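Residue numbers (the working numbering), protein chains in the order written: chain F, 1 to 522; chain A, 1 to 117.
By construction, these hints were calculated from the structure, which means they are not laboratory data.
Be careful, since some hints might not be right.
[Stated by the list, open to error] If the Cβ cut is set under 10 Å, some of the chain A residues that face chain F in the computed set are: (1) LEU3; (2) ALA6; (3) LEU7; (4) ALA38; (5) THR105; (6) ASP111.
[To be verified] A few chain F positions that, by computed beta-carbon distances, are all more than 12 Å from chain A: (7) ALA53; (8) SER157; (9) VAL162; (10) LEU173; (11) PHE279; (12) PRO411; (13) ALA495; (14) ALA513.
This structure is a prediction, so every number in the text was calculated from the model and none was measured.
We put the CB at the ideal spot given by N, CA and C, even for glycine.
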Amino acid sequence: MTLAGQLAAHLIVLPVVLPLAVGALLLPLDERRHTLKAAASLACATAVAAAAAALAARAGDPVTHVYPLGDWPAPFGIVLVADRLSAAMVLLAALLGLAALAFSLARWERAGPHFHSLVQFLLAGLNGAFLTGDLFNLFVFFELLLAASYGLAVHGSGAPRVRASLHYIAINLAASLLFLVGVTLLYGIAGSLNMADLALRLPKIAAADRALAEIGAAMLGVAFLVKAGMWPLGFWLPATYAAAAAPAAALFSILSKVGVYAVVRVWLVVFGGGPGAEFLAWGGMATIAFGVLGVLAAQELGRLAAASLIVSSGTLLAAVGLGGPLVTAAALYYLVASTLGIAALFLLVELVGRSRAPGADILAVTADAFGLAGEDEDEPEEEVGVVIPATMALLGLAFAGAALLVAGMPPLAGFLAKFAILAALLAPDPAPGWPVWTLAALLVVSGLAAVIGFGRAGVRVFWAAENPTVPRVRLIEMLPVGALLAACVVLTVAAAPAMRYAEQAARALHAPAGYIDEVLRP
Amino acid sequence: MELVVALGIAVLAGSGVWLVLRPRTFQVAIGLSLLSYAVNLFIFVMGWVREGRVPIVDEAAAGVVPDPARFADPLPQALVLTAIVIAFATTALFLVVLLAARGLTGTDHVDGREPEE
Numbered sequence: 001m002t003l004a005g006q007l008a009a010h011l012i013v014l015p016v017v018l019p020l021a022v023g024a025l026l027l028p029l030d031e032r033r034h035t036l037k038a039a040a041s042l043a044c045a046t047a048v049a050a051a052a053a054a055l056a057a058r059a060g061d062p063v064t065h066v067y068p069l070g071d072w073p074a075p076f077g078i079v080l081v082a083d084r085l086s087a088a089m090v091l092l093a094a095l096l097g098l099a100a101l102a103f104s105l106a107r108w109e110r111a112g113p114h115f116h117s118l119v120q121f122l123l124a125g126l127n128g129a130f131l132t133g134d135l136f137n138l139f140v141f142f143e144l145l146l147a148a149s150y151g152l153a154v155h156g157s158g159a160p161r162v163r164a165s166l167h168y169i170a171i172n173l174a175a176s177l178l179f180l181v182g183v184t185l186l187y188g189i190a191g192s193l194n195m196a197d198l199a200l201r202l203p204k205i206a207a208a209d210r211a212l213a214e215i216g217a218a219m220l221g222v223a224f225l226v227k228a229g230m231w232p233l234g235f236w237l238p239a240t241y242a243a244a245a246a247p248a249a250a251l252f253s254i255l256s257k258v259g260v261y262a263v264v265r266v267w268l269v270v271f272g273g274g275p276g277a278e279f280l281a282w283g284g285m286a287t288i289a290f291g292v293l294g295v296l297a298a299q300e301l302g303r304l305a306a307a308s309l310i311v312s313s314g315t316l317l318a319a320v321g322l323g324g325p326l327v328t329a330a331a332l333y334y335l336v337a338s339t340l341g342i343a344a345l346f347l348l349v350e351l352v353g354r355s356r357a358p359g360a361d362i363l364a365v366t367a368d369a370f371g372l373a374g375e376d377e378d379e380p381e382e383e384v385g386v387v388i389p390a391t392m393a394l395l396g397l398a399f400a401g402a403a404l405l406v407a408g409m410p411p412l413a414g415f416l417a418k419f420a421i422l423a424a425l426l427a428p429d430p431a432p433g434w435p436v437w438t439l440a441a442l443l444v445v446s447g448l449a450a451v452i453g454f455g456r457a458g459v460r461v462f463w464a465a466e467n468p469t470v471p472r473v474r475l476i477e478m479l480p481v482g483a484l485l486a487a488c489v490v491l492t493v494a495a496a497p498a499m500r501y502a503e504q505a506a507r508a509l510h511a512p513a514g515y516i517d518e519v520l521r522p
Numbered sequence: 001m002e003l004v005v006a007l008g009i010a011v012l013a014g015s016g017v018w019l020v021l022r023p024r025t026f027q028v029a030i031g032l033s034l035l036s037y038a039v040n041l042f043i044f045v046m047g048w049v050r051e052g053r054v055p056i057v058d059e060a061a062a063g064v065v066p067d068p069a070r071f072a073d074p075l076p077q078a079l080v081l082t083a084i085v086i087a088f089a090t091t092a093l094f095l096v097v098l099l100a101a102r103g104l105t106g107t108d109h110v111d112g113r114e115p116e117e
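The following block holds chain F by itself, in its conformation from the complex (with noise of 0.2 Å):
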């Protein structure tokens, strides 16, 4: 085999192993040296987004890739399979690591301790997870990542960090409790491990054993769905993603993705997808109505992007959980859309928020909701005509770009996306139910929410902004909010490309014969 065929044919193993010993090397280097840390970690991360393009670009029916780690056999080995959902978050994930690496460069990777470590130790904990075909490594995977992310989330220290991560870190400890009992009920009942080779056993298991099976199911579903941040199991979620530092929280809204890819991965591949799609559904549906009521009560930038982050993992839950291969093609879609729309708002967070004085928002709103504001009204009108300056300008802009994203205003992608879940939804055929329609509402709900929340929010620190000072921004701070932007606006031109790569990567999802014919054969 040519050196090429061999690094072809060991690809996969790449976006774990790679950050793996990146981060693991750079933890005995000093911290003075940050400039080494930096680099090595943004080439590793960008041999990774290239190494996730490379999966993409060759994604085969059904599946791109299995490899046998070891070259142990399927059901007895662990596999790693790449196919075109997993090749699409891999790139994601890459995607959000370099932005977030990129913005940490001005200062936050001199916040704290190992930050590059820590970044790297995530990348390859997202990467695991999304690659992996067999339940007990997801879970160590999902160890890795959560580990990673308990530094991330302190990262910076300070009294309100810590509190809200001792939350973070003692749900998912017990979340992650749940995740074993299930996974180890499931092993018990069908004795197996691998996710092809369970979804073949299951149907085949005693009766008497079935409802053993489905709690072991039902566990493994809430301990995803604690990642996700489904309510009513999400209410750790904004405090500790608006305290994170702004990178980590820009990492962090890929992080609940994970939980929403692990539903739609074993509950479509193992069970069918068939039992507790209203649950999923309905949960999907509060989820949203959560999330609506956090935009509209949001007093701080970052609550407001964390209650976005909510409403996003409502929608995807709802919509899996409704509809067919369409709806999930979409899904897909709004899912990629969503999480760099979110991702750039939260880096668009912390840079708007130094121009403010700490409070200034609460003040704003509350002022907003009880008249307060009247009386400055009568102020001479000397500021009409004032210079913007070109950095609130720009920042004005991104933040505009963010929040129509979110919103799912046109012209963007999130638009598109929203678009293409409503037009799957309420598809004559078979006729739209009434939850249907619930969601469809919701979903233009949510929408009307995020612009009276980002407009006033924008309104507030753009245009009446009281004693503006102009924030001191760096280039390399700009550069990756721009970058998550132009990929969105790239997602948009490329809407028809993208539509259909989600589309067959739904359709080998909703049909996972074939996946596991692929994972199982000899």
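Here the structure of chain F is known, so what remains is to put chain A in place on it, guided by the hints.
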């Protein structure tokens, strides 16, 4: 035997849940540890409780086809080792954050402030 193991798991899990719901951070840490012990035992039991069985298949070397029913399932034992290591590491992480929270907020209440009387 099954009853003893089941009762052990139940007592550990019950105490763990009660402690996790307590307001002091140290109680939560101990509760999470107890819960993880319960889960570890549970994983172990998922290979079914059998007395006097070995997980090592020694007959294959002698050319005899081994009968799986005579051996304990080794996989849950491997899983439980992994789970123990991971629970140990994450509990250590939790303790670090617990101490940091105690230092930064000046209280060991999980909300970082004492409830108002």
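Quiz item: Are there hints from earlier that the structure breaks, and if so, what are their numbers?
Solution: 1, 2, 3, 8, 9 and 10
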